Structure formats: C-alpha cells, structure tokens
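Need the complex rebuilt from these two chains, each delivered in its own frame; the hints are there to steer you.
Listed below are the residues making up each chain.
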Amino acid sequence: MTFSTIQALVLRNLYLYTRTPVRLVELVFWPLVDLLVWGYLTVFLQKHTGDSFPYQITFLIGAVILWDILFRAQQGVALYFLEDVWSRNLLNVFSAPVTNADYLVSTYVIGFLRAAVTSLLLAVLAIVLYSFNLFELNWSLLPFVFNLLVFGWSLGMISTALIVRWGPAAETLAWAVPFFIQPFAAVYYPVASLPPAIQWISQWIPCSHIFEGMRDGLKDGVVSWNDLAMATGLNAVYLALAGWLFVRVMRTAREKGLLTKFVAQ
Amino acid sequence: MASPVLEATDLVKDFGAVRPVDNISFELRRGEILGLLGANGAGKTTAINMILGIVTPTSGTIRVFGKDLARERIAILRRMNFCSTYTQLPGNLRVWQNLTVFGKIYRVPNLKRRIDEVLDLLEIRHLKDRVSGHLSAGESTRLNLCKALLNKPELLLLDEPTASLDPDIADKVRTVTKRIREEDGTSILYTSHNMRDVEEVCDRVVFMHKGRILFTGTAAEILSHSNEQSLESLFIRVARGGEIESGEGKGEPDATT
Numbered sequence: 001m002t003f004s005t006i007q008a009l010v011l012r013n014l015y016l017y018t019r020t021p022v023r024l025v026e027l028v029f030w031p032l033v034d035l036l037v038w039g040y041l042t043v044f045l046q047k048h049t050g051d052s053f054p055y056q057i058t059f060l061i062g063a064v065i066l067w068d069i070l071f072r073a074q075q076g077v078a079l080y081f082l083e084d085v086w087s088r089n090l091l092n093v094f095s096a097p098v099t100n101a102d103y104l105v106s107t108y109v110i111g112f113l114r115a116a117v118t119s120l121l122l123a124v125l126a127i128v129l130y131s132f133n134l135f136e137l138n139w140s141l142l143p144f145v146f147n148l149l150v151f152g153w154s155l156g157m158i159s160t161a162l163i164v165r166w167g168p169a170a171e172t173l174a175w176a177v178p179f180f181i182q183p184f185a186a187v188y189y190p191v192a193s194l195p196p197a198i199q200w201i202s203q204w205i206p207c208s209h210i211f212e213g214m215r216d217g218l219k220d221g222v223v224s225w226n227d228l229a230m231a232t233g234l235n236a237v238y239l240a241l242a243g244w245l246f247v248r249v250m251r252t253a254r255e256k257g258l259l260t261k262f263v264a265q
Numbered sequence: 001m002a003s004p005v006l007e008a009t010d011l012v013k014d015f016g017a018v019r020p021v022d023n024i025s026f027e028l029r030r031g032e033i034l035g036l037l038g039a040n041g042a043g044k045t046t047a048i049n050m051i052l053g054i055v056t057p058t059s060g061t062i063r064v065f066g067k068d069l070a071r072e073r074i075a076i077l078r079r080m081n082f083c084s085t086y087t088q089l090p091g092n093l094r095v096w097q098n099l100t101v102f103g104k105i106y107r108v109p110n111l112k113r114r115i116d117e118v119l120d121l122l123e124i125r126h127l128k129d130r131v132s133g134h135l136s137a138g139e140s141t142r143l144n145l146c147k148a149l150l151n152k153p154e155l156l157l158l159d160e161p162t163a164s165l166d167p168d169i170a171d172k173v174r175t176v177t178k179r180i181r182e183e184d185g186t187s188i189l190y191t192s193h194n195m196r197d198v199e200e201v202c203d204r205v206v207f208m209h210k211g212r213i214l215f216t217g218t219a220a221e222i223l224s225h226s227n228e229q230s231l232e233s234l235f236i237r238v239a240r241g242g243e244i245e246s247g248e249g250k251g252e253p254d255a256t257t
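Same order as they appear, the protein sequences are chains A and B.
Residue numbers 1 to 265, in our numbering, belong to the letters of the first sequence in order.
Residue numbers 1 to 257, in our numbering, belong to the letters of the second sequence in order.
Source of the hints: derived by calculation from the structure; they are not laboratory data.
Since this is a predicted model, take the numbers as computed values, not measurements.
Virtual Cβ for every residue (Gly too), placed ideally from N, Cα, C.
Please note that the accuracy of each hint is not assured.
[Stated by the list, open to error] Think about it this way: if two alpha-carbon atoms lie no more than 25 Å apart in a straight line, the pair counts; the simulated BS3-like pairs of lysine-lysine are:
id, chain 1, residue 1, chain 2, residue 2
1, B, K128, B, K152
2, B, K210, B, K112
3, B, K172, A, K256
4, B, K172, B, K128
5, B, K128, B, K112
6, A, K261, B, K210
7, B, K152, B, K178
8, A, K256, B, K67
[Unchecked claim] If you anchor each label on the Cβ, the simulated ranges turn out as follows:
id, chain 1, residue 1, chain 2, residue 2, range
9, A, P183, B, K128, 49 to 57 Å
10, A, P195, B, F15, 45 to 53 Å
11, B, G185, A, L239, 20 to 28 Å
12, A, F179, B, A70, 48 to 56 Å
13, A, A101, B, D168, 40 to 48 Å
14, A, T172, B, S230, 29 to 37 Å
15, B, T58, A, G167, 33 to 41 Å
Next up, chain B with everything else stripped away, as it sits in the complex (with noise of 0.2 Å):
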C-alpha cells in the first residue's frame, strides 16, 4: 500500500492554557479528498495551520510525502497548496499580477500558459485583466483557487473554499475539486461548514470536536457509528454538546475504518 501523503501523528497544539488541538492523529492517502469537519472551535483551522507550518505543534509530528514538516518545510510546500475563505490575493493587483507573483514563488514551468489553463479551469479567463479586488465574492474565490491550482500540487489544503458562495458558484467549486482529484491525482484536506459538501466531495471525513477527532471514516460509517441520519443532524448533536453514543473521543487515526 502507498505511503499516505499526509500524516498527522499525536497533533496537541496549546495556545497558553487553551488547548484548540487535543492528540489528534490521521492521515491523507494519495488521491483522497478527505473532509474535516468541526463546529467553530474544533479545532480544524489550527490543524490545517500546523500541516502549512504557520503554526508550530506543541507535540506530535506531521509527515508530508514521507518527509518530516519541521525539518524540511521549504521543500514541501513547494509541492502544496493552499486556499482559504479567510484570506485574499492582493486586492490592489490586477489578477494576471497576483498569478504571476505567485506562479514565480512555486516556481511555475511557462507560467502564462498556466496562468490561462487555471483561469479557463475555473471560468474567469475573462477576468485577466481585472483588479482582484474588484472582484465579487465568487469570482474571488475562484481566483484564490487559481492560486492555489498554479503548481499542480500532489497536496491541496481547503479551508472552507465555498463558504459564502451562491450555489451555483459552490458547485462549481465542487466540481473543479473532484475534477482535479481525478485528473490530476491530488489529494485534497477539505474542510467545510457545508454538510452538502461533505458528503458530495470528501471521500472520508475526520469529524472534530473541542480540539479531539469523535469520528473517522466514510460518511456512511460515521452515520451509522452514531446512529444519526445525517451529518447535518450529528454535526448539531455535537456542536449543541449531545451525548455521542459511538466511537466518541477515539481520536485515533482511521477509528471506524
């Protein structure tokens, strides 16, 4: 079996007496799309923060592509990517500008020709020349894709990349996600609010709560291990604080697997 692309192992991260991530371990096989899921608080931000090495892990270890995140940081990245809701592309630069200050740090090959495969990709080809920050909320997103989509990376780190999108929008953003898993083989860490997105994009999910993994598995496994109907309806038993009947605070990696 191959090696999984991502490997988090023990993960505690304290913040001075707060403790957002407790022990967590679980890991991204090649190809994946894996969802992580969590009311505000659980706890995936910071994950997701220690796996791009913003944020340093009070203990544990993270393993990208078989290689240790503390020591060889530079490296890795080079070969992921990242796209998050919570942050913009300089909103004074046009979007042609903004893709190639970032094409030049990944060190982008004919970096024009992938500037316009990632614009055609998610349909804003057109909007080249635009100020980024005259962009509207999905067409920003898109070009934080586009960014994110410029290296081809065997790594692609999500944060909630539909959050405030119309539908339509949204589900083009799905789209786009699964299309590069197959295409491209990337493997994906995906982490939404949006049970819809879940469910259609993330092949398992690694369920959070209050810093600790509650659930890991298909969709389907966790429902039945917590004899919910649906994700949406576990995901507010477990942010209203419900008892959780099944594989509570297991926290290890691949529990219902």
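Next up, chain A with everything else stripped away, as it sits in the complex (with noise of 0.2 Å):
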C-alpha cells in the first residue's frame, strides 16, 4: 500500500467535485429531499396523533441521516469503479502500479468525505427543521457512525465485484445493493416490529443493530453496547468477506479477461 498512490486516487475523485460542481448537487439534493418528507411526515404524525404516538417517532429523522451515511459510504466505493468505466480510463488505472489496496482504501476515503458532508449537512438542518439533534448521542454517535461507514463500504466493495462480474449491464446495481438491504436492516422501525423469520435475517445485518441502538440511545440516553458490540463484530466479518469476494473477482476479472469488457463497451 502507497501513500501517495492512494493520495492520487483521492485527488482524482475531489478534482470531479471541483471541476463540476453540479456533482455536489447529488451529494445534497437526494438526502435533502429525504430529510424534509421524512421530517415534515413527523411533525404532521406528531401534531395530529397527540399523546397516541410516542415521541420515538422523531427517529426516522435519525433513521434519515444515518442510512444516509451508509448510503454515500456505499456509492464512495462503488460509484469509483463506475467513473473510471464512464470516462473509458479504467485501463489506465488497472495497467499502473495501483495494488488492490490502494484502489480499495482510496474509496474507502472517498466514501468517508462523501459521507461526511451529506450527513453533517443534515444534522445540522435537522436540528434547525425540527429540533432534533442527533449530537444527543453525544460520544456514543462515533463506533454507531464508524459502524455505518464500514458496512457502506462493504456493500460498496460487494457492488464493485458484483459489476465487474457481470459486467457494464450490472451497473445499477451500484444504487441498488443498499436497498437489497434496506428492508430487513430496520432502518426506519423496530427490529421487534418485523415478521419472526425476518427478525432472524434481521439480526445478521450490522446496521440493524446501529438502528436498534440509535434508538435506544436517543429515547433512554443510554448507549446500547450489546448492539454496538453486535454491530462492530459482524461488521468485521462481512468487511473481510468483502475485501475477499474484491480480491477474488479482480482475480477472475484478469483469467477472463472482464476488464477490457468496460473498454469495449
């Protein structure tokens, strides 16, 4: 792994966002959109419902923020592969000396900024919207946001391998994989809410327990370690399952010759 490639790979990707800055409208205009259906659906359910519905319904504008972060960890990741094929300098960057260390950790990074700035930019409107701060999780917000950035990046190297599999007509699947997900990970209510059998699926994924604790966290003030501790283990074990699906993919993508595919496309 070399610093100064990984710092090239980085540049690359930021020198998009200052050359076009309609980029950044992506990175803002989505989760914005979110925010506020999300967030004016809990002030109509709060005033019309009165005492008859619990407070914790204010956490779907958690919910909102920190799928968010896995969501643009996820695209950071995936969406890298996909510039590269877009601008047909995929060859160039496959034929340097970049290991598969450098390529991943560069997304990785990319996948953090891109996070970083999504996520902060809604916290900070959710408190001026609706007066929900998320920073009430205090300390407790950092392994419950590292976790999140860390499973994004699993499913952002997942992606990546699934498309340089099945090649260029794969490519939605850098939007879809999260949302494979989305349904049984309890984003926006309790794990206990859901079906036996997906309960048990449920308990598999990390970020359900990041949300099952988010909320717990928020309603008791409490941090839930279980979940954490939960959610920190299983995110070891799919990142390093990611990174050997990645490996193994690349792999076969040279036997087969699937890169040039991109090219030729």
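As structure tokens, this is what we get:
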C-alpha cells in the first residue's frame, strides 16, 4: 500500500467535484429531499396523533441521516469504479502500479468524505427545521457512524465485485445493493415490528443493530453496548468477506479478460 | 549480450473455446522498437493486455526487466507505461489535473517540472489548463502520450497510437516515439495497422495472424521471406486468408533473424 498512490486516487475523485460543482447536487439534493419528506411526515404525525403517537417517531429523522451515511459510503466505493468506466480510464488505472489495497483504501476515503458532507449537512438542518438533535448521542455517535461507514464500504465492495463479474449491464447494482437489505435492516422501524422470520435475518445485518442502538440511545440516553458489539463483530466479518470477494473477482476478471469488456462497451 | 527488456515465452490465452493468443514467443531488446502487426483479431491487444497484467495468460510466462510479471507486477509496472487509442484520461479533469494524478501514482519526482517537460515534448503545453474532454482527437492522443511518458518508462507499450490521427499529428507522434528511444533508451512495443508507422518506426516486426506469430524480423527480412513487395500487401494477403509461403506458423522467437 502506497500513500502517494492513495492520495492520487483520492485527488482524482476530488478534482471531479471542483471541476463539476453540479455533482454536489447529487450529494445534497436527494438526501435533502429525504429529510424534508420524512421530517414533515414526522411533524404531521406528531401534531395529529397527540400523545397516542410516541416520541420515538422523531427517530425517523435520525434514521434518514444515519441511512444516508451508509448509502454515501457504499456509493463512494461503487461509483468510484464506474467513474473510471464512464471516462474510459479503467485500463489506465489497472495497468498502473495500483494494488487492490491502494484502490480500496482510496474508495474508503472517498466514501467517508461523501458521507461526512451529507450527514453533517442533514444533521444541522434537522436541528434547525425539526429540533431533532442527533448529537444528543454524544460520543456514542462516533462508533455508530463508524460502523455504518464500514458496512457501507463492505456493500460498496460487493457492488463493485458484482459489476466487474457481470459486466457493464450490472451498473445499476451500484445504486440497488443497499436497498436489497434496507427492508430487513430496521432502518425506520424497530426489529420487533418485523415478522419473526425477518427478525432472524435482521439480526445478521450490522446496521439493524446500529438503528436499534440509535433509537434506544435517543430514547433513554443509554448507549446500547450490546447492539454496538454485535454490529462491530458482524462488520468485521462482512468487511473481511467483501474484501476477499473483491480480490477474488479481480483475479477472475484478469483470467477472463472482464476488465477489457468495460473498455469495449 | 544484454538481457531483453521483455520476454514472452509460449504465451497462450484462452477465453472459453476461443484462443486469441496461441503459443507465441518473442522478445524486446533494450532500446528497441518492436512492432506488433496484424489484422483485427490477430491477438495483438490481448498480448498487450497480458504484458500489462490486465489479462492473465492461460499458460506461458512473461518476464519484464528479468522479473516474472506474475510475481512482481507492481514493481514492474512502476518502470513501464502504456498508451492506447482505446483509452482516455478522464474528460472532466483538466490536462494538468490528469497528469498530476498519474504522476503521483507513478511517483514521479519534481512532478510539476516533469509535466511541463512532457507537455513541451508533445507540443501541447498551451493546453495545460484546458478540460481534457474538450481536446481534439489529436490533442487527446498526445495527452495520453504525455501520461505514458511521465515516469520516463524503460518499457513503453503503444497500442495503435496514430489511429484516427491526421498525417501531421501522426508524423509528430512517430517523431516523438523515435526521439524518446534515442534520448532515453526506452524500449517500445508498438502495435499499429498503419504500415507506414511500422516501416518508419520499428526496428523489428512480429507479424501475428489468428493468435499466432507468422514472421519475426526486420521489415526487409519479412518481405524477403514472404515474397511480397510491401508490408501492406503482405498484410492484405494474410488478412484475406492467402497462403503464406515462407515462415508460416513458426511462432518461434526471432525466427527469421
């Protein structure tokens, strides 16, 4: 792993944003739409249901912000690969002295930066518009956020591996993969509200523990260490598996000439 | 005699039932420009991709700078570079931004100065602040060449560098190719469909057809073995499936030298 290579690969992506400010719209616009829709739905439900609707309904806003951290981290990894496909730069990168580790770490950095920009903006707007303060989680917010980042990176690596394996026609997976797990991840509702069979699936998804922990933390002010430990343990396993899958698929891509198919498209 | 910069030995590549490269062997000597010539589907690009490590050979070995590419790919890639008419640098970055990114990847010392040097060499320094996607085909090809020359590669792979260029720009590219060989001793593997390119630039030629090597030698040697008047007429005869009378299918390194 080489610092200058990682720096170069990160720089390449940052230049895109300085060159094309309209790309910032993608980082800001859709998350903002989500926040406004879910935020005003929350306000409506609180106003019209009175005490019959619990305070936890405001956690929808927290869920929007935390889900976006995961989604942006995943996008950072998956779209990084597609940027090179779209600009016909893929062979220049993969014929350069870039190791798998250099490549992946630079995508992690981009994923982190994307998530940081979006989540900070949403968190501040949530305070201003809805008096919802995610920072009430204090320091426990950091491990929650870190776990979401890591799971986003894992999903990003899986998305990229599938795109490499199945070719340009599978590009849409870059956006679809996080939503495959979203219904089971208890993002906007407690795990307990799911049918038992889906609850079983949910327990194996790291971010479902994060969203449960976030709800408990904001409700009681107590950090759910159990949820954090489960999320961290699962994340370690998924990160290793996703990394292994990525390396394995890149090896297969070299054997089958898959990378060159992206050039010929 | 100095060891070759590049040695491909018994190289085979299978993609399922298709065999685009069928047991080829050749070597590139230090400071030499070796042409890889053949019609579409001859296996040139697959061979280049294997030398770049983008495609893994089914069997055979590639040694670059005396090292096994399969084992020391990254160390080898640091000392070589690549330019293809089929790849581009990101069109939404400025020229200097693209060169900065690749300069850092290749760990080029004094990068800003080196960027100016290569832009001067290719006569496009005035385009330094331009957006790469707004360049003409000729300018874009020269930018690709700038990227390929940034790290002063000891081995340079040029995949049809003059394709789609007008005669003036194509001539400039050929001139630069010869100049960097003379000034820096760069060894160059050069694929082209342009016979003039090959005759003017290459010291030797590997003539491929359907994944195999038909001839290896200087242009004059190949013509004398094939009983043709020009490489172009030989190219057309081979592409149209004409019978090859001399040196056919030997597939041995330097078979005619």
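Here is what the structure says about each hint:
1. Under the criterion of a C-alpha separation no larger than 25 Å, the hint pairing B/K128 with B/K152 is consistent with the structure, at around 19 Å.
2. Of the pairs offered as hints, the one joining B/K210 and B/K112 is violated, with about 44 Å between alpha carbons and a cut-off of 25 Å exceeded.
3. Taking the CA atoms of B/K172 and A/K256, the gap is about 36 Å. The hint is violated against a cut of 25 Å.
4. In summary, the hint linking B/K172 to B/K128 is supported, as the alpha carbons are separated by about 19 Å, within the 25 Å threshold.
5. With a C-alpha separation of about 11 Å, the suggested pairing of B/K128 with B/K112 holds against the 25 Å cut-off.
6. For a cut-off of 25 Å, the pair hint linking A/K261 to B/K210 stands: about 20 Å separates their Cα positions.
7. For the hint pairing B/K152 with B/K178, the CA-to-CA distance comes to about 14 Å; that is within 25 Å, so the pair holds.
8. In summary, the hint linking A/K256 to B/K67 is supported, as the alpha carbons are separated by about 24 Å, within the 25 Å threshold.
9. Separated by about 51 Å at the C-beta atoms, A/P183 and B/K128 satisfy the suggested range of 49 to 57 Å.
10. Separation of A/P195 from B/F15 is about 46 Å and conforms to the stated range, judged on CB atoms against 45 to 53 Å.
11. Our hint of 20 to 28 Å for B/G185 and A/L239 is violated, since their Cβ atoms are close to 46 Å apart.
12. The supplied range of 48 to 56 Å is broken by A/F179 and B/A70, whose beta-carbon atoms lie about 39 Å from each other.
13. Roughly 44 Å separates the CB atoms of A/A101 and B/D168, a value that falls within the hinted 40 to 48 Å.
14. Judged by the Cβ atoms, the range 29 to 37 Å given for A/T172 and B/S230 is violated: they are separated by roughly 50 Å.
15. Between B/T58 and A/G167 the C-beta distance comes to about 21 Å, which lies outside the given range of 33 to 41 Å.
Comparing the model with each earlier hint shows violations of hints 2, 3, 11, 12, 14 and 15; every other hint is respected.
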